[in-house]
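Asker: For reference, the chains in residue letters:
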Amino acid sequence: MSEVTQKDKQNPGGKDELENVQRKQLIVFRQGDSEYALSIDQIKEVVITPRITKMPQTPSFVKGVANIRGNIIAILDLEEKFGIKDEGEPVKGAHDLSTDKNFTLVIESEDYKMGVLVKEVPNTLSVPVTAIEEGVNIVHDSSVEQNYINGIVKYDDRLIVLINVLKVINQSEKNLINKVAN
Amino acid sequence: MKEKEDEYKQLFMGEGLEQHEALNNLLTELEKNPEEGSIVDEIFRITHTLKGNASGMGFSDIASLAHTLEDLFGAIKHGEFKLNNKIFEAVFKALDVMGNQLSSLKDNKKVSFRGIKTKIDVLIRESKNNCESKEESKRKDNSSKQPAEENQAVINDPSTDLDDAQSFLDQDEFIITDKSLPEEKEVEVRKIDPEINKVTFSDLVQVPVGKLDNLLNLVGELIIERDRITTSLVGTEGANNNEFSRLKRISSDLQYSVMNVRLVQVGFLFNKFKRVVRDASISENKNVDLQIEGESTEIDRNILQIISDSLIHLIRNSISHGIEQPEERQAAGKSQRGIINLRSYNDNDGVIIEIEDDGKGIDIEKVKLKALSKGLVTKEMLSLMNDNEVVMLIFEPGFSTSDNVSSLSGRGVGMDVVKKATDSIGGQINIDTTKGKGTLITLKLPSSMAVKGTLLFQLGDQEYAIPLSYTEAVVSYSKSDLYKISNGIVASHLGKTISVVFLKDLFETGGTLRQRIFNSYSELQKDDKIDIIIVTYNGRTIGMVVDKLLQQKEIIEKPLSKPLDNVDFISGVTILGNGNVCPVLNISTITNSIFNMSLSNQ
Numbered sequence: 001m002s003e004v005t006q007k008d009k010q011n012p013g014g015k016d017e018l019e020n021v022q023r024k025q026l027i028v029f030r031q032g033d034s035e036y037a038l039s040i041d042q043i044k045e046v047v048i049t050p051r052i053t054k055m056p057q058t059p060s061f062v063k064g065v066a067n068i069r070g071n072i073i074a075i076l077d078l079e080e081k082f083g084i085k086d087e088g089e090p091v092k093g094a095h096d097l098s099t100d101k102n103f104t105l106v107i108e109s110e111d112y113k114m115g116v117l118v119k120e121v122p123n124t125l126s127v128p129v130t131a132i133e134e135g136v137n138i139v140h141d142s143s144v145e146q147n148y149i150n151g152i153v154k155y156d157d158r159l160i161v162l163i164n165v166l167k168v169i170n171q172s173e174k175n176l177i178n179k180v181a182n
Numbered sequence: 001m002k003e004k005e006d007e008y009k010q011l012f013m014g015e016g017l018e019q020h021e022a023l024n025n026l027l028t029e030l031e032k033n034p035e036e037g038s039i040v041d042e043i044f045r046i047t048h049t050l051k052g053n054a055s056g057m058g059f060s061d062i063a064s065l066a067h068t069l070e071d072l073f074g075a076i077k078h079g080e081f082k083l084n085n086k087i088f089e090a091v092f093k094a095l096d097v098m099g100n101q102l103s104s105l106k107d108n109k110k111v112s113f114r115g116i117k118t119k120i121d122v123l124i125r126e127s128k129n130n131c132e133s134k135e136e137s138k139r140k141d142n143s144s145k146q147p148a149e150e151n152q153a154v155i156n157d158p159s160t161d162l163d164d165a166q167s168f169l170d171q172d173e174f175i176i177t178d179k180s181l182p183e184e185k186e187v188e189v190r191k192i193d194p195e196i197n198k199v200t201f202s203d204l205v206q207v208p209v210g211k212l213d214n215l216l217n218l219v220g221e222l223i224i225e226r227d228r229i230t231t232s233l234v235g236t237e238g239a240n241n242n243e244f245s246r247l248k249r250i251s252s253d254l255q256y257s258v259m260n261v262r263l264v265q266v267g268f269l270f271n272k273f274k275r276v277v278r279d280a281s282i283s284e285n286k287n288v289d290l291q292i293e294g295e296s297t298e299i300d301r302n303i304l305q306i307i308s309d310s311l312i313h314l315i316r317n318s319i320s321h322g323i324e325q326p327e328e329r330q331a332a333g334k335s336q337r338g339i340i341n342l343r344s345y346n347d348n349d350g351v352i353i354e355i356e357d358d359g360k361g362i363d364i365e366k367v368k369l370k371a372l373s374k375g376l377v378t379k380e381m382l383s384l385m386n387d388n389e390v391v392m393l394i395f396e397p398g399f400s401t402s403d404n405v406s407s408l409s410g411r412g413v414g415m416d417v418v419k420k421a422t423d424s425i426g427g428q429i430n431i432d433t434t435k436g437k438g439t440l441i442t443l444k445l446p447s448s449m450a451v452k453g454t455l456l457f458q459l460g461d462q463e464y465a466i467p468l469s470y471t472e473a474v475v476s477y478s479k480s481d482l483y484k485i486s487n488g489i490v491a492s493h494l495g496k497t498i499s500v501v502f503l504k505d506l507f508e509t510g511g512t513l514r515q516r517i518f519n520s521y522s523e524l525q526k527d528d529k530i531d532i533i534i535v536t537y538n539g540r541t542i543g544m545v546v547d548k549l550l551q552q553k554e555i556i557e558k559p560l561s562k563p564l565d566n567v568d569f570i571s572g573v574t575i576l577g578n579g580n581v582c583p584v585l586n587i588s589t590i591t592n593s594i595f596n597m598s599l600s601n602q
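So the sequence lines, in the order shown, correspond to chains A and B.
Here the first sequence is numbered in full-length UniProt numbering, starting from 1 and rising by one per residue.
Here the second sequence is numbered in full-length UniProt numbering, starting from 1 and rising by one per residue.
Hints in this document: simulated from the structure, not taken from any laboratory.
Just so you know, even glycine gets a beta-carbon here, dropped at the ideal spot from N, CA and C.
Be aware that a few hints might be false.
With a straight-line cut-off of 16 Å between C-alpha atoms, the simulated EDC-like cross-links for lysine to aspartate or glutamate are [unchecked claim]: (1) Lys562(B) / Glu35(A); (2) Lys113(A) / Glu365(B); (3) Lys562(B) / Asp33(A); (4) Lys9(B) / Asp71(B); (5) Lys248(B) / Asp279(B); (6) Lys562(B) / Glu120(A); (7) Lys435(B) / Glu365(B).
Not everything, but these chain A residues come out facing chain B in the computed CB check (under 8 Å) [to be verified]: (8) Lys44; (9) Val46; (10) Ala74; (11) Met114.
Listed next, the stretches of chain B that the computed footprint assigns to chain A, with coverage defined by at least 3 CB atoms under 8 Å from CB atoms of chain A [to be verified]: (12) 37-44; (13) 569-581.
Using the sequences provided together with the hints, build the complete structure.
Answerer: The following block contains the structure:
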């Protein structure tokens, strides 16, 4: 967590914090029943989910591609990736996704451009860095796949999983070469 | 033709002035650091290029002066003699004269250069003679001179032995004046001065290709956006507005202008092959003539760059595998000299490049054996393949018909690379070979990468595009026309049996392709009509079942970016007029995977 750069004095949580405690801006969004967060500097914008075009040879959590301001970006469904889709929810085709998940978080790094589907407009949250518990070893041991979890944020009685979405896709990349088995 | 000549002249002038400028700069630099060998090398290289270009263009005056300068710096480069002020003066003057020559190309003014050329020639001769005698004297008192030379930039006046000796005495002062004609030189320099200060501007602008690429991308997006806006306005009042037709016309003109800027003549590349052919035929001990036709055909610069290596490879292949040894040719009743024809011409929107040799042709039986031994095909498949399909096997990775690996070709890495390069730009390659008569290789290339002609179709509720360059035909069949066999579905098209695949099944995820290949087929009712697009790639024809055929459309393809760049059934996407993202099918991987599936199953 080296990207702690923000000093937020507004204190939106309503709690009294020391003025000089380093704070981190997060974007919090709901996936399944849990809250997940991304560091704000990974997010470029939030848009209303555009029409998604399916792509062959991709794992099911890659919903396809969409045209966002002239950029063609991959659209991911992290609920499906994390296996936390609501049980009762019927599996839907890509075309009726936009009725369900209305918003897309557009994530941009040097290498990747992609969108993450969310149901509600995500909120920003400023938390003191002390509230972020890094190196969550419990989740680590099962497999390397969980590397994308940066830490757990305990704040205001909430438990938020802080993820590094770029790592999610890094690991999935191997799966993306989901060549047709002959 | 006149126009072409003018264009070449412009190009030469642009380049020449640049080289002239560079020479001036380098020479000024060299005057400051006379010992800097790399500058001498650079000057030598530039004068050499300039000489070559000028003589190629028929500007013998420039060529002859550049040749003299090349000689001079060649001699300096080889350490035959050292630089001195006299030489610098002369060379600077020669450069000025050369500058005048270059600018006189515009107005055809006569520029006299003989004087300065002779002067330099004399200097070279003098210096060489001097140097030889100096070498001798050097050898005599080697011990005394050597250290001095190493420590100090030595500028010796080589006009006489005496001066030579003096130069060593004077070396600390670093300046040795030309004592013979100081006055005269002053006058000469002053005389040319106003000419030097007249700055000549070339009518050419050199632009990095990257900037052009960017421009082309922007124009592409503009066109997409234009189509999107006009589509969204259909039915409203503004749709038939005059302003719109103007916008359309202007943007189309802009697009074609940008594409036009990127066009270069294939002759630029073809002429380099003369040397390739010469070298290759010598190392193979064969007599080969290269005949070039259609040099002025224009093609996108990036396309030419991508296929340049392929063309070299194909030509080398023709020489080493196609053309026979002279004795063999004579025995076959051919002339001893083999002929390779390199042709280029426009065809519809594209450019055709043909490489034809009059050699022994490709031995089909040999290809079959090789393909079998390499495991590229099975016996059963071979029996079903026609000759053309068999010949196309040479483009398979790892294929090589030559039993002996030669230095030119035959490492078996070439032909599939050629194929890949052609595919990557949406081109097609075809081989027409007659045993004993020769081989004709045809490359069908787009003349510009900007727009691709495609056929749009619908699958589910989504549009897809297929490049027209691969599309053979569109047919409508019913279920009874399709036959289910163990490893897929086949149908008969124009008397040929082709594999048919339901794209829906192909694009489905989960399970192996073979498990789902019959899904849609089984759901089909007996009398249902289905639309099949028949495509050919690398001599393999397959039919692809789609839900609905839409129209033909010119598109601008964008490659898939990470993390989707591994999806190989799709080569890229385009944005349609309605704003939808439309994947463009990668026909080569699709046909290959269908082909491999039927292969691995047997």
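Asker: Hint by hint, work out which the structure violates, then give me just those numbers in ascending order.
Answerer: 1, 2, 3, 4, 5, 6, 8, 9, 12
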